[in-house]
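Enquirer: Sequence:
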Amino acid sequence: MLTGEQVRSQSLMSIDYGTHATKIAFIGKSGRAQPVTHDDGRTSIPTAIYFDSKGKYYVGAEALNMGVLDPQNLIQNAKRLMGSDKILYADNNGKEWHAHEIAQICMELAKAATEKETGLIHRYAVVSVPANYTDKQKEDTIKAAKQAGFEEVDLIHEPTAAMFAYCANTERTVPDGIRLVCDVGGGTTDVSQVTKSGNRFEVIATNGVSKLGGMDFTKVIVDEVITRFESKTGQKISHESHPEVYADLWRRAEESKFRLNRSESVKIPVVTDDHKELVAFSQDDMRHVCATLLEQIIACLKKTLDDAQISLDDVIELIPIGGGSQLFCVLEALEKFYGKPLAKGDALHCVSLGAALKGWESKGHVQVDEGTILPSRGLLLRDVTAHALGLRALNAQGKEVFTTVLAKSVPMPSKITKEFMLSEEGVTDAVVEILQGEKGQDVDTCLSLGSFELTGLEPRYGEPHRIMVEFNIDTNGLLTATAFDPIGGQSADLQLHYNKSGQPSLEGENE
42 MLTGEQVRSQ SLMSIDYGTH ATKIAFIGKS GRAQPVTHDD GRTSIPTAIY FDSKGKYYVG
102 AEALNMGVLD PQNLIQNAKR LMGSDKILYA DNNGKEWHAH EIAQICMELA KAATEKETGL
162 IHRYAVVSVP ANYTDKQKED TIKAAKQAGF EEVDLIHEPT AAMFAYCANT ERTVPDGIRL
222 VCDVGGGTTD VSQVTKSGNR FEVIATNGVS KLGGMDFTKV IVDEVITRFE SKTGQKISHE
282 SHPEVYADLW RRAEESKFRL NRSESVKIPV VTDDHKELVA FSQDDMRHVC ATLLEQIIAC
342 LKKTLDDAQI SLDDVIELIP IGGGSQLFCV LEALEKFYGK PLAKGDALHC VSLGAALKGW
402 ESKGHVQVDE GTILPSRGLL LRDVTAHALG LRALNAQGKE VFTTVLAKSV PMPSKITKEF
462 MLSEEGVTDA VVEILQGEKG QDVDTCLSLG SFELTGLEPR YGEPHRIMVE FNIDTNGLLT
522 ATAFDPIGGQ SADLQLHYNK SGQPSLEGEN E
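Under the numbering used here, think of the first position of the sequence shown as 42, with each following residue one higher.
In short, the hints are calculated from the structure, not lab data.
Since we're looking at a predicted model, the values are computed, not measured.
Be careful, since some hints might not be right.
[Stated by the list, open to error] Below, simulated EDC-like cross-link-like pairs (lysine to aspartate or glutamate); rule was C-alpha separation at most 20 Å, straight line:
(1) K157 to D80
(2) K260 to D355
(3) K179 to D534
(4) K187 to D132
(5) K456 to D534
(6) K277 to D217
(7) K449 to E511
(8) K385 to E212
(9) K459 to D515
(10) K377 to E336
(11) K343 to D355
(12) K344 to E281
(13) K97 to E149
(14) K343 to D354
(15) K177 to D534
(16) K459 to D410
(17) K459 to E511
(18) K440 to E479
(19) K260 to E281
(20) K184 to E142
(21) K177 to E243
(22) K179 to E193
(23) K273 to D326
(24) K97 to D132
(25) K385 to D217
(26) K317 to D264
(27) K344 to D354
(28) K308 to D264
(29) K277 to E318
(30) K179 to E149
(31) K177 to D485
(32) K480 to D348
(33) K187 to E142
(34) K404 to E156
(35) K480 to E504
(36) K187 to E137
(37) K459 to E441
(38) K449 to D410
(39) K177 to E212
(40) K308 to E296
Build the full structure now, drawing on both the sequences and the hints.
Expert: Here is the structure:
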């Protein structure tokens, strides 16, 4: 029997912290995940924060409304900057706000809304993240959730969560087989290939584009409308020169791209102090200006098939999810690529629903009300790494190379140990720099995740000085690295110092 504290710890919720909107879910009494409904009847919160002149902030729809007349104090699209040190806002008291602090505000609201609907205190949350998030972006997401009041936080890749909901949060019979999930969100695109076999769900390959989402479709529409407006009036418009006009145009372009799902053409008003114009924009116009974006989505699908070493004929369903995937031109491109009708599901909520299911299975139980605990359904979910992880090292020719330690598409969790040799005799310290990249990628284009130093080594001469490096990646995709001298016994763990690059001190094979 569970103790009172164990019962309290079994409540859980999920957060799909999106570029444009944040969706949250919990497990209901029916044993299915369901979205939280807010006071205004919506099942999502606009991911927007507005700061007034006194430093007070407003969240969601209220923030959007207040930002109409003061767009410079409206923060949107902060998710794209997770993992960076960029200051998004600074108030008059010197308080600085970074992307993870904006996320924290949204997650605090999500926590309060869920607790209001369920009547339970939620200490555990599963937060979805893009499949191609870096270690730093994942750590910032966990930091935001913990600062929002959660004691325990797990992560799940967005396309994996969506597939889990599509297959498991339903009363219909879902056949086994290979599926492709294409998640075009507000700011990112992810593709995962998932195999279902009974109660087992296994991700085989995943890829993503970090700056490709609905906002990029809006941006190309805005750019085209501005070009046409300028050709008619001679007046130039930009975010810097006309912030209120630009913000209004962005909002109208955002609405228009979805109106084009139902209409062959729309008219987008552009109003400045000097000119008023209605700019016509058609479905063909959108296909044209969005062609490069559509090509990137299809390229991501093809790469995922290649990584999984399967053909499109092996895929029984292609599942489009995320708000961006519902644009007519995206649906057209996906169906043309697949050659068959696309699967239909809850494209907007499936990520948050699947994340809640993942939390339920991870815990083994879930509390759905003050006196009811539901056991898990025995579903098994296994995801994979989205990137190769390795070290900066020297090859036999003395050239710096990216040497893979943990390959891409390795199941999580995983642990692997690899041997390296120090590049010089008599060395007493070795800097280990962790890189994220692809096999064969130029070392200087890889992303540096951090570095740490192995010190106090006994100098050796006339013989190789071997160092072992162990990479351990957990179920959240977070890395712990350890370097140790198997003879001398010295060891050091990874203490991430992001954007700090050390000189290469190790030798490895040329990859």
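Enquirer: All the hints need checking, so say for each whether the structure fits it.
Expert: Results of checking the hints against the structure:
Distance restraint check for K157 and D80: the Cα-Cα separation of roughly 10 Å lies within the 20 Å cut-off, and the hinted pair is therefore satisfied. For the given pair, K260 sits about 35 Å from D355 by alpha-carbon distance, which is inconsistent with the 20 Å threshold. Between K179 and D534 the alpha-carbon distance is near 19 Å, which keeps this suggested pair within the 20 Å criterion. Between K187 and D132, the direct Cα distance comes to roughly 23 Å. Violation of the 20 Å bound is thereby established for this hinted pair.
The hinted pair formed by K456 and D534 meets the criterion: a straight-line CA distance of about 14 Å does not exceed 20 Å. The hinted pair formed by K277 and D217 fails the criterion: a straight-line CA distance of about 55 Å is larger than 20 Å. This hinted pair checks out: K449 and E511 have alpha carbons roughly 16 Å apart, not beyond 20 Å. Simply put, K385 and E212 have alpha-carbon atoms about 15 Å apart, close enough for the 20 Å limit, and the pair holds.
Distance check on the hinted pair: K459 and D515 sit about 18 Å apart at the alpha-carbon level, within 20 Å; holds. Only pairs whose Cα atoms come within 20 Å are accepted, and K377 paired with E336 is accepted, the gap being roughly 12 Å. Taken as a hint, the K343 and D355 pair is honoured in the structure, with Cα atoms around 13 Å apart against an allowance of 20 Å. The suggested pairing of K344 with E281 is violated, with an alpha-carbon distance near 38 Å, which exceeds 20 Å.
Taking the CA atoms of K97 and E149, the gap is near 15 Å; set against the 20 Å cutoff, the hint holds. Taken as a hint, the K343 and D354 pair is honoured in the structure, with Cα atoms around 13 Å apart against an allowance of 20 Å. Using a Cα cut-off of 20 Å, the hinted pair K177 and D534 holds, with the two alpha carbons roughly 17 Å apart. Taking the CA atoms of K459 and D410, the gap is near 48 Å; set against the 20 Å cutoff, the hint is violated.
Between the alpha carbons of K459 and E511 the distance comes to roughly 6 Å, so the proposed pair stays at or under 20 Å and holds. Proposed proximity of K440 and E479 is supported: the alpha carbons are some 17 Å apart, at most 20 Å. Taking the CA atoms of K260 and E281, the gap is about 15 Å. The hint holds against a cut of 20 Å. A distance of roughly 9 Å separates the Cα atoms of K184 and E142; the hinted pair therefore holds under the 20 Å criterion.
The hinted pair formed by K177 and E243 fails the criterion: a straight-line CA distance of about 25 Å is larger than 20 Å. Among the hinted pairs, K179 with E193 is consistent with the structure: their alpha-carbon atoms are about 14 Å apart, no more than 20 Å. Annotation: proposed proximity of K273 to D326 holds, straight-line Cα distance about 17 Å (limit 20 Å). This hinted pair checks out: K97 and D132 have alpha carbons roughly 9 Å apart, not beyond 20 Å.
Between K385 and D217, the direct Cα distance comes to roughly 17 Å. Compliance with the 20 Å bound is thereby established for this hinted pair. For the proposed pair K317 and D264, the alpha carbon gap of about 17 Å is at most 20 Å, so the pair holds. Restraint check for K344 and D354: satisfied, since their Cα atoms lie roughly 15 Å apart, inside the 20 Å limit. Taken as a hint, the K308 and D264 pair is honoured in the structure, with Cα atoms around 15 Å apart against an allowance of 20 Å.
Between K277 and E318, the direct Cα distance comes to roughly 13 Å. Compliance with the 20 Å bound is thereby established for this hinted pair. With a C-alpha separation of about 18 Å, the suggested pairing of K179 with E149 holds against the 20 Å cut-off. At most 20 Å may separate the alpha-carbon atoms for a hinted pair to count; K177 and D485 meet this at roughly 19 Å. For the suggested pair K480 and D348, the alpha carbons sit about 12 Å apart, so the restraint of at most 20 Å is met.
With a C-alpha separation of about 11 Å, the suggested pair K187 and E142 falls inside the 20 Å cut-off, and the hint holds. Restraint check for K404 and E156: the C-alpha separation of about 19 Å stays at or below 20 Å, so the hint holds. At most 20 Å may separate the alpha-carbon atoms for a hinted pair to count; K480 and E504 exceed this at roughly 30 Å. Distance check on the hinted pair: K187 and E137 sit about 19 Å apart at the alpha-carbon level, within 20 Å; holds.
For the hint linking K459 to E441, the alpha-carbon distance of about 18 Å falls within 20 Å, and the restraint holds. Between the alpha carbons of K449 and D410 the distance comes to roughly 41 Å, so the proposed pair goes past 20 Å and is violated. Restraint check for K177 and E212: the C-alpha separation of about 38 Å exceeds 20 Å, so the hint is violated. Restraint check for K308 and E296: satisfied, since their Cα atoms lie roughly 11 Å apart, inside the 20 Å limit.
Of the numbered hints given earlier, the model fails hints 2, 4, 6, 12, 16, 21, 35, 38, 39; all others are met.
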